[in-house]
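J.: Input sequences plus hints: build the corresponding full structure.
2 protein chains.
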Amino acid sequence: MTNPKKMSRTEISSLGKVAFVEQLTQPFTTNSNTHIRQGIGDDGAVIDRGGWLEVISEATMLEGIDFDLTYTPLEHLGYKLVVAAVSNVCAMNARAEYLTISIGLSARFSVEDATALYDGIKRATDEYKIDLIGGNTSASLTGLNLMATVIGSTSEEELTLRSGAKDRDLLCVTGNLGAAYMGLQLLEREKRVLKGNSTSQPEIHKDHAYILQRQLKPEARVDILQQLREAEIKPTAMIDVTRGLASAALHICRRSDVGVRIFLNRIPIASDTFKMAEEMHIDPVVAALNGGDDFELLFTAPLDKHQELLTMPGVDVIGHIVPASEGAALVTPDGSEIRIQAPDWTARMESADE
Amino acid sequence: MTNPKKMSRTEISSLGKVAFVEQLTQPFTTNSNTHIRQGIGDDGAVIDRGGWLEVISEATMLEGIDFDLTYTPLEHLGYKLVVAAVSNVCAMNARAEYLTISIGLSARFSVEDATALYDGIKRATDEYKIDLIGGNTSASLTGLNLMATVIGSTSEEELTLRSGAKDRDLLCVTGNLGAAYMGLQLLEREKRVLKGNSTSQPEIHKDHAYILQRQLKPEARVDILQQLREAEIKPTAMIDVTRGLASAALHICRRSDVGVRIFLNRIPIASDTFKMAEEMHIDPVVAALNGGDDFELLFTAPLDKHQELLTMPGVDVIGHIVPASEGAALVTPDGSEIRIQAPDWTARMESADE
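So the protein lines, in turn, are chains A and B. Residue 182 in the working numbering sits at position 182 of the first sequence, with consecutive numbering throughout. Residue 279 in the working numbering sits at position 279 of the second sequence, with consecutive numbering throughout.
Just so you know, these hints were derived from the structure itself, not from any lab. It is possible that some hints are incorrect.
Because identical chains share one entry, a pair is satisfied inside a single copy or across any pair of copies.
[What the hints assert, rightly or not] Straight-line alpha carbon distances no greater than 25 angstroms define the calculated SDA-like cross-link-like pairs of lysine to any residue that follow:
hint : residue 1 : residue 2
1    : Lys217    : Phe28
2    : Lys275    : Gln213
3    : Lys129    : Pro27
4    : Lys234    : Ser155
5    : Lys275    : Phe263
6    : Lys275    : Asp68
7    : Lys234    : Ser271
8    : Lys129    : Thr34
9    : Lys217    : Thr30
10   : Lys191    : Pro302
11   : Lys191    : Thr142
T.: Printed below as a string of C-alpha cells:
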C-alpha cells in the first residue's frame with residue numbers, strides 16, 4: 001500500500017510500541033466531555049458518571065498472532081476472549097457487567113465452528129455473570145478476528161489505576177506465572193510433531209493438563225478482588241499480567257513514576273511449569289518474566305498490609321516499590337541486581353492499553 | 001481448521017445472516033443485569049442507567065471486505081470508521097460521546113500509515129465532538145482490521161429503535177441514496193485501469209467528486225436529528241442505511257412486525273449518481289436499494305407530521321407503513337408492486353446489529 005504524498009517510511013518496530021501509541025494518540029484533545037476520569041494508558045477507560053465510575057475495556061485476538069487454530073478448540077477461544085476483556089476490568093478493581101463481541105470470519109468457518117466459539121463465550125458470560133448485549137458479525141478474507149468490549153463499574157474509592165504505586169509499597173502477584181507460556185510451548189511442540197496429520201488436535205496428556213488449561217482456558221481473578229475487599233486492602237496500583245511480569249511491572253513503574261525491586265526466588269511458579277521448563281530446557285523464570293496469557297493480577301499495596309498479604313491464599317508478595325531513580329530490577333538470591341528490560345516489541349506488539 | 005468432535009459442516013451462507021446471528025445469540029440469557037433496555041438486534045445496545053440511557057454501538061472494517069487500500073486514502077478510512085459507529089448511535093436518536101478504537105495492522109504498514117489513519121480518526125472526533133478514550137493496537141498477519149466502539153446517551157423519550165413503526169406511519173429517508181455505491185463502482189473501474197501501476201492512487205476527477213466523497217468520506221446525519229428535535233418530530237422507528245434501502249426497510253419491517261410501501265419515483269437519487277449509473281449501465285434505483293455505505297437515516301414518523309416532513313430540507317417522504325400481512329413492496333409509477341427482497345447474504349454479510 002502506498003501513498004504518493006508520504007515518501008518517508010518509518011517501521012513501527014523501530015519506534016517501539018509505547019512511543020508508537022503515544023505518537024498516534026497524543027494529538028487527541030478532549031472535545032466536549034469533561035467526565036473522562038482515565039483515557040488511553042491504562043487497562044481500560046474510566047468515565048465519571050456522577051456517583052459511580054464506568055469502566056470500558058477491550059480485548060482483541062487475531063488468528064495467527066494471538067491464537068493458532070491447529071491446537072486451539074474454538075470453545076476455549078471464545079471463553080478466553082471474554083476472560084481477556086474481563087481481566088482488564090478486574091485490573092481496575094471494577095466489576096464486569098456487559099459484553100459486546102465483534103467477529104470477522106472467513107468462508108472456511110462453518111456454522112458449527114461459530115456455534116462452538118459462541119458456546120465458549122456463553123460459558124464465560126455465565127461464569128463471570130455478565131451479559132452479551134451487542135456486537136457485529138462480518139465476513140473476513142483472512143481468518144478469524146475477535147474483539148470483545150466489556151463495560152463495568154466501580155466507585156471512586158475502589159478504582160485502581162496503574163499510576164498509584166508509591167515508594168515502599170509492596171509488590172504482589174496472584175496465582176503463579178509462566179504456566180500459560182509453557183502450555184503454549186508444549187502445544188507448539190505437539191503441532192510440529194503432528195505436522196502432516198491435519199485432522200486431529202493434540203490430545204491433552206493428563207500430566208500436562210494444568211499448563212495446557214492455563215494457556216487454553218485461563219480465568220480472570222475476580223476471586224482475588226473479592227478477597228482483598230473482604231480484607232479491606234485497597235491496592236494502590238494494579239495491572240493484569242498478559243505479556244509477562246517484566247512488561248506489567250514496567251507499566252506500573254512508568255505510569256506511577258517509581259522503580260521496583262522484584263525478588264527472583266519469590267516469583268510464584270507452579271511445579272508443572274518447572275517440570276515442563278526443565279524438559280524443554282527453558283528457564284522457568286524467563287517464562288514468568290516474558291511469557292504471556294497468565295491473566296494474573298500484579299498490584300501494589302501499602303507496607304502496613306504486609307502481614308495480611310503474606311498469609312492471603314493466592315497472593316504472593318514478590319517485591320517492593322523504590323524511587324524512580326533506582327529503576328526496575330530483579331534481585332537474585334545472592335543479592336545482585338539484574339535490570340528489568342522491556343520485552344522485544346517487534347515480535348508481538350502489546351495492546352495499546354496495557 | 002478441523003474439530004474431530006463435529007463431523008457435520010453447515011455453510012454460513014446456507015443459513016442466511018439473520019438466522020445465523022439468531023442461532024448464535026439465542027442461547028444467551030440475562031445473567032444478572034436487569035437494566036438492559038435493548039440487547040442484540042438493533043443498531044446498538046441500550047442500558048438503562050436510571051434517568052438516562054446509555055447507547056453502545058460498534059463498527060468493524062476489515063481490509064479486502066470493507067475497503068480496498070489501493071484506492072482508499074488512510075485518512076479517509078479513519079474518518080469513515082468513526083462515522084460508521086457514530087451513524088449507528090444516531091440511528092437510535094442518541095448523541096455520540098466517547099470512542100474506542102482497536103486496530104490490528106501487519107508489518108507492511110509504517111508509522112506514517114498509522115499516523116494518516118489516526119489523522120482521519122481525529123478529524124472525525126473533532127467533527128462529531130466525541131472523545132477517544134481507549135482501545136488496542138495489535139499486530140496482524142493479514143492486513144488492516146479496524147474496530148470502533150462508540151458510547152453515547154439518550155433519554156427514554158428520545159430513544160428510537162427499529163421496532164416502533166406503526167401501520168400508516170410515514171417512511172422517510174435523509175439525503176440521497178446510491179451515490180456511495182456509484183463512487184465505489186468508479187473506484188473499482190479506475191483500479192482496473194491502473195492495474196500494474198501500483199504507485200499511484202486514482203486522482204479524483206472533479207466531475208466525480210460528489211460520488212467519490214460519498215464513498216470515501218461519508219458523514220453521519222447528526223444534523224437531521226437536531227432538525228427533527230427542533231420540529232418536535234419524534235421518529236417511531238429508525239435505522240441507518242449502510243447496506244442499501246431494501247435491507248434497511250426490511251429490518252424495520254421485521255423488528256416492528258409491519259409491512260411497507262416505497263414509491264420508486266420518490267427515492268432520492270443525486271444527479272451525479274444518475275449520470276455515473278447511466279455511464280456504467282447500472283440502474284440507479286438498484287444502487288439505492290442494494291448499494292452500501294450511504295449512512296443516511298431511514299425512519300418512520302406519525303402521519304400527522306406529513307406537512308412538516310414534506311417541507312423539511314434533507315428529508316424525503318418515500319412511502320408508508322402497512323400491516324405486516326401486506327409485506328414489503330416497491331410501488332412503480334404505474335401503480336404495480338414489486339416485492340422487496342433481502343439482498344444476497346452470501347456476498348457480504350451484514351453486521352449483526354443491523
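J.: Tell me, please, which holds for Lys129 and Pro27 at an alpha-carbon limit of 25 angstroms: within, between, both or neither?
T.: between (38 angstroms within a copy, 15 angstroms between copies)
J.: Given identical chains, is Lys217 near Phe28, meaning Cα to Cα at most 25 angstroms, within a copy, between copies, both, or neither?
T.: between (37 angstroms within a copy, 20 angstroms between copies)
J.: Given identical chains, is Lys129 near Thr34, meaning Cα to Cα at most 25 angstroms, within a copy, between copies, both, or neither?
T.: between (31 angstroms within a copy, 12 angstroms between copies)
J.: Since the copies are identical, ignore which copy is meant and state whether Lys217 and Thr30 lie within 25 angstroms (CA to CA) inside a copy, between copies, both or neither.
T.: Answer is between: at 23 angstroms across copies they meet the 25 angstroms cutoff, but 38 angstroms inside does not.
J.: Go through the copies and call it for Lys275 and Gln213: within, between, both or neither, with a Cα cutoff of 25 angstroms.
T.: Classified as within: same-chain Cα gap 16 angstroms, cross-chain 61 angstroms, threshold 25 angstroms.
J.: First find the shortest C-alpha distance between Lys191 and Thr142 inside one copy, then the shortest across copies, and answer within, between, both or neither for a cut-off of 25 angstroms.
T.: The answer is both: 21 angstroms in one copy and 22 angstroms across copies each meet 25 angstroms.
J.: Reference check for the pair Lys234 and Ser271, CA-CA at most 25 angstroms: within, between, both, or neither?
T.: neither (30 angstroms within a copy, 64 angstroms between copies)
J.: Could you place Lys275 and Asp68 in one of the four classes (within, between, both, neither) given a Cα distance threshold of 25 angstroms?
T.: Answer is within: at 24 angstroms inside a copy they meet the 25 angstroms cutoff, but 49 angstroms across does not.
J.: With identical chains, the pair Lys234 and Ser155 could be close in the same copy or across copies; at 25 angstroms between alpha carbons, which is it: within, between, both, or neither?
T.: within (12 angstroms within a copy, 36 angstroms between copies)
J.: Give the relationship of Lys275 and Phe263 under a CA distance limit of 25 angstroms: within one copy only, between copies only, both, or neither.
T.: So Lys275 and Phe263 pass the 25 angstroms test inside one copy only (21 angstroms; across, 73 angstroms).
J.: Since the copies are identical, ignore which copy is meant and state whether Lys191 and Pro302 lie within 25 angstroms (CA to CA) inside a copy, between copies, both or neither.
T.: neither (45 angstroms within a copy, 62 angstroms between copies)
Hints 7, 10, counting from the list given before, are not met by this structure.
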